Amino acid sequence: MFYYIKALHIIFIVTWFAGLFYFPRLLIYHAELQTEADEKIKSAMSKQYLLMMKRLWFGITVPSAVITLILGLLTMHLGGWDRHLLDSTGRWLLIKLCFVVLLYLYFFSLGKIFKQQRMGLFKYSGNQLRFYNEVATVFLFAIVFLATVKSAGSLLYGLGGLIALIIVLVMAIKIYKRIREKKTGN
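Quick note on my numbering: the sequence shown kicks off at 278 and runs consecutively.
In case anyone wonders, no lab produced these hints; they're calculated from the structure.
As the structure is a prediction and not an experimental result, all values here were calculated from the model.
No false leads were mixed into what you were given.
BS3-like cross-link-like pairs, simulated, lysine-lysine; straight-line CA separation at most 30 Å:
# : residue 1 : residue 2
1 : Lys454    : Lys317
2 : Lys389    : Lys451
3 : Lys400    : Lys451
4 : Lys459    : Lys400
5 : Lys324    : Lys454
Input sequences plus hints: build the corresponding full structure.
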């Protein structure tokens, strides 16, 4: 039974991350649409983006987040890991759970940004959201490596790797912005 629950947990992690990766892209496109001069195009596209976001958020992302949490807690309990959280064998899991809590906070923040955009409030530019979009990638790397290696001992290597990943992502976003600006002449 444990392995079936663990398999379902992994499947719902994948569907949740599909939402976490695509949803911010829609937030970006919707934010960038606000600079559109043609009000008809802006209105039609805005309605379409909001519909797409609503379907993705409430149809895939939120249910997957809830099911992932339930199955994750069940997997941790059935695997006996909850009894080892505070000893040396479970330290990796404790660190992983800290990243998972931060990931859920990120998830809730996306919901807040979505609510703001539905009300016509755009606090973040497309470029700011591009940076924010990469947060899920950083968490994915941290969580998967901790769950696979199951060691908190190489924490410095892990942190170094995360910092390197963040630097690469920031550079990629800046390069992409320059390319877009050259194409549009801005």
